[in-house]
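Number of protein chains: 4
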Amino acid sequence: MVIRVGIVGGTGYTGVELLRILAVHPEVSVSCITSRSEAGMPVADMYPNLRGHYDLAFSEPDVAVLGDCDLVFFATPHGVAMRMVPELMSAGVRVVDLSADFRLKDLDVWANWYGMAHESPEWAEKAVYGLPEVVRDEIRTAQLVANPGCYPTAVQLGFLPLLEQGLVDPKRLIADAKSGASGAGRQGKIGMLHGEIGESFKAYGASGHRHLPEIRQGLCGAAGGDVGVTFVPHLIPMIRGIEATLYAELKNPADFDRLQALFEQRFDDEPFVDVMPFGSHPETRSVRGANQCRMALHRQEQSNVVIVSSVIDNLVKGAAGQAVQNMNIMFGLKETMGLEAPALLP
Amino acid sequence: MVIRVGIVGGTGYTGVELLRILAVHPEVSVSCITSRSEAGMPVADMYPNLRGHYDLAFSEPDVAVLGDCDLVFFATPHGVAMRMVPELMSAGVRVVDLSADFRLKDLDVWANWYGMAHESPEWAEKAVYGLPEVVRDEIRTAQLVANPGCYPTAVQLGFLPLLEQGLVDPKRLIADAKSGASGAGRQGKIGMLHGEIGESFKAYGASGHRHLPEIRQGLCGAAGGDVGVTFVPHLIPMIRGIEATLYAELKNPADFDRLQALFEQRFDDEPFVDVMPFGSHPETRSVRGANQCRMALHRQEQSNVVIVSSVIDNLVKGAAGQAVQNMNIMFGLKETMGLEAPALLP
Amino acid sequence: MVIRVGIVGGTGYTGVELLRILAVHPEVSVSCITSRSEAGMPVADMYPNLRGHYDLAFSEPDVAVLGDCDLVFFATPHGVAMRMVPELMSAGVRVVDLSADFRLKDLDVWANWYGMAHESPEWAEKAVYGLPEVVRDEIRTAQLVANPGCYPTAVQLGFLPLLEQGLVDPKRLIADAKSGASGAGRQGKIGMLHGEIGESFKAYGASGHRHLPEIRQGLCGAAGGDVGVTFVPHLIPMIRGIEATLYAELKNPADFDRLQALFEQRFDDEPFVDVMPFGSHPETRSVRGANQCRMALHRQEQSNVVIVSSVIDNLVKGAAGQAVQNMNIMFGLKETMGLEAPALLP
Amino acid sequence: MVIRVGIVGGTGYTGVELLRILAVHPEVSVSCITSRSEAGMPVADMYPNLRGHYDLAFSEPDVAVLGDCDLVFFATPHGVAMRMVPELMSAGVRVVDLSADFRLKDLDVWANWYGMAHESPEWAEKAVYGLPEVVRDEIRTAQLVANPGCYPTAVQLGFLPLLEQGLVDPKRLIADAKSGASGAGRQGKIGMLHGEIGESFKAYGASGHRHLPEIRQGLCGAAGGDVGVTFVPHLIPMIRGIEATLYAELKNPADFDRLQALFEQRFDDEPFVDVMPFGSHPETRSVRGANQCRMALHRQEQSNVVIVSSVIDNLVKGAAGQAVQNMNIMFGLKETMGLEAPALLP
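Chains as they are written, first to last, in this note's numbering: chain A, 1 to 346; chain B, 347 to 692; chain C, 693 to 1038; chain D, 1039 to 1384.
Treat each hint with caution, since some may be false.
To give an idea of the interface, some chain B residues facing chain D are shown, with a C-beta separation under 10 Å as derived from the structure [stated by the list, open to error]:
(1) Tyr460
(2) Gly461
(3) Met462
(4) Glu465
(5) Ser528
(6) Gly531
(7) Arg532
(8) Gln533
(9) Lys535
(10) Ile536
(11) Glu542
(12) Ile543
(13) Gly544
(14) Ile585
(15) Arg586
Source of the hints: derived by calculation from the structure; they are not laboratory data.
Being a predicted model, the structure only gives us computed values, none of them experimental.
Even for Gly, the Cβ is constructed at its ideal location relative to N, Cα and C.
Produce the entire structure from the sequences given, and follow the hints as far as they go.
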């Protein structure tokens, strides 16, 4: 079987990362990649790492052409997928949307954070939030998968076992997260110039960030009830990688003794989650370019605070890699297909 | 008045930073700088930025020579100052120790974290912990000042107003701190190679770091009682700068309205603490090379968690700059003398 | 004496660098700084390193106000200064133009590289090309100084002694130069995003760069005749610093023995040129933030190629620092005033 | 067929890169990886990117065990392979040596640059210098392949067409090369700390570098006679990547018109050399992690200097990737096997 894939909005970092991964996927053929602004330009001219791998040029988005695909990935800014998805759904095409359009179930919250009304409430309801470690079975049969955000992936995976087992105070969760600059996309913003963010570090969105409601929604699901979570993202002077340091109060300090086993069991069958030995310090470089989340647990003396450090590559397990993982699940392929290569270290 | 200054252990990053700052200090003459390993080498050969500024060469440490100074800075690994300080005290020399030897009052805790018994308990007791924003008056007359650590400076300053006023739960403090690589000093460790830490980010010391007891001691002082603080440091792929994101639970959410004014008042007369407008995001580059701490407050909706982001240059306000600030206070100079230049941005 | 200074176009990296340097210059008062796009914004809001140093806000450029200054710096894109300078000249104001408008004497060449006709040929002729190491005396009395470009400064200084003495083949000069990203200025160009240039290195403008005619003009002056020079700039994934590796063929290999002495003599009285020992490798960090050019000579066995490695900070000796140096000369101040601080290392 | 592979000296960056590439090579089984200093440590403990990919631990080097392999890679410092290779040759094992031991044919030159006498002159003579683009047929049957150095790979490939066709003055070649820090290996040297080389750029080895004789040997081969080449390496503040800017004088300027076609033809059948359009600027990131050399030609007006910019990943086409390419050739596999993935960009 060869899956005919279309990519909408391929000029950003998520788009090129999809192309990089799919270039060596044995069961995929990329049949079109769209960009309004760059229509006509060969993708390998924009991304020279793809020279020799693709003959494709960017094309104007055309639902007729996309409707001929087995699967369409949206790698677009928010607001695009919600307008195009209904027609593709009608055409029987399956979609993995890497944008935020279908991630939130509460559309008032969505409208509030994204500054526009949602235009496809029907599909927002039907969409499966594609975190395979939580809802693998639903993904298998989904027609529309909302691919999780980068921060939400790192944060949710790290908190999951604690909340699912009800071991921590769900009202006192703190996620201090840090990301490389590629998370901001590939637009000509002064604030993302090398001269602005090189050799510097800062928090941003500390009073509220779009990923907060997505994180909250996921953590509520895991906890089976309301949660209180503080989420502060930071910008690291590097390109790829997210590290999230998570803090939660253990209800019963005696549970510390079984946390490591709990985490290992929770993710034992997960090909893309690696629980490192207690007290390890996962490095973002250990997942650079790889569809992996690595995490480790820590405890400080005389404290009942569980500390989890969780790392992913924001463009892979936080975006394009997870999207391909979802595609593999949707089409009954081996879940790791095309995602086997180790991270690039150093 | 010209202060004759000696520097013990000048080959590390703290040493060269002292030399950089003192090169333009109008009331200081550096009369000796010691290094056992590099004795005889001109300092400008090791640090070419100092070519044309110093004719000095490193010399063997010699208490007779140091005893002739008005002030001696120790920029040594722990364990050195505590052996040399008593003799210098007897000689009437004043000392600012940038190492950890005299920072902790509880010498059992010190011995536990630094792996050796303290050899100068008398002076450990007499030493003034030199955070000018807290104990300026004691510094004026101190013969021995223990210069605060880098993380403790950023963390304490950010928590101070909250704890002094008793506005937050002192048992639930979290300090998620991040530092550039110069904080690890200038030793040939594989783990600090550019190839190891470039383009990567990680937590370290998450199960316990030497700065934790120092932070706890300072915060207890501010709170006037015991505190519970979780402190996790991280390594940023850059050279200079610390950002600490601090989390505390407000006892009374209504207090949010007066926090900004409280912080501004607390540091109104402080030349080296800058409270930025509510909701700002201090960047480490805004203090690069400058003896400044900049901080800002944040609140997330429906939350009673106060968020403080605090930045310093670990080598300046976190080490050499604060040491010179202490020297200025000790010798009755203008506190900002030699420390007026703005940060290097970009 | 206090020099009243105006800055036109202060929002770029050259503008903020001027402000950083002038903040501690004892004889300067910045009376206005203009920006059409940011008029009304306090400079310290855009550049938080200047908080506490300046109360100024950006203002609309106004020749009446600028005409009241003793000196105006232009830190504008090309094409701006040439339109405003004539009026300021008439008003008796002195100008240091950091843009390229008055650097080239051949206005056809200028028009060709900058894509517009020159609008002030009269002042292009009168302007003094402000490389103090070559034409200090003319700068003293100049009303209009064209501040040299960054690459041209590093390249000219390194070739000067060889060409002035006629020791090398002037037709076979090669300048392989590398610059940090701040050289490209502070505009929202995709190509200068951290995500684009971080962790990567490339040549650019290898078929022709605007600094080539400026370099050629300067080298012709030094050689007293025509030269042939190949100049290839490269982009380094860092913020500040230029390194130029220069290659020239010695006419008489025996001259190798006297090159070091020749270079040392040539720059012996120059406060801002440092000839390091033969075989040294100047690092850009050794001049970071400092108005210095450091250089060193090399020879490979069995070769008559002289190799010169020359480093500057592109924003300081390559722009704002040299501009202040020129101002000091023009106003009879000590040439090093405000420029004494050592480079920031590490 | 599965090739049983041994790796001697696997703790360095070249070793981990071999493991990364071989992890997804379909015809290879790594049966042992040696390290005296780390014997017993699981490789995935040292290199967490390999967690889940290898169960191997480092072992003491043992010729009996290595003798059981089909192929042994040496990723050792110089001086090791020359002592172990003869015994492996006798055992019929094939070897790809990534160190410098067998690269030079003139053993006096070797001894001079590497500071020791060569201990295996017989095999130094028999070894094939493994640049497939030059001697592919000899590699097929070689028992011992000397894998080229990183700089020599980038420099030779770029000069090859010019010298083979005799179009340029062979006595006036200049190679200005720049490398990321991983080229210096993974030893705890102060000079390679992030704090030392981050945000800085410098030349090194400008008076003579070990790769110079290797470059000269290769270029002499291409030119069919003696050459004069000046080679200056530089250190880039990044991890992976080499860019070499090459300068040569065209004997007949009219030849410029056919250079592009010449280069394209020369490398038309080469899977790992990509000649970009005339005037392109290859970026090192376009080959990050990939076994590729990309190059482009430039000409400046009124000049007969050919400029070639050539980029590789020093750890891949400059080391481990080229070694696997050589292995593929030696064992009759598809030359691109295991080396198909595009570079990691951004």
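- prompt: Which earlier hints turn out false for this structure, listed by number in ascending order?
  reply: As far as the earlier hints go, 1, 2, 3, 4 are violated by this structure, in ascending order.
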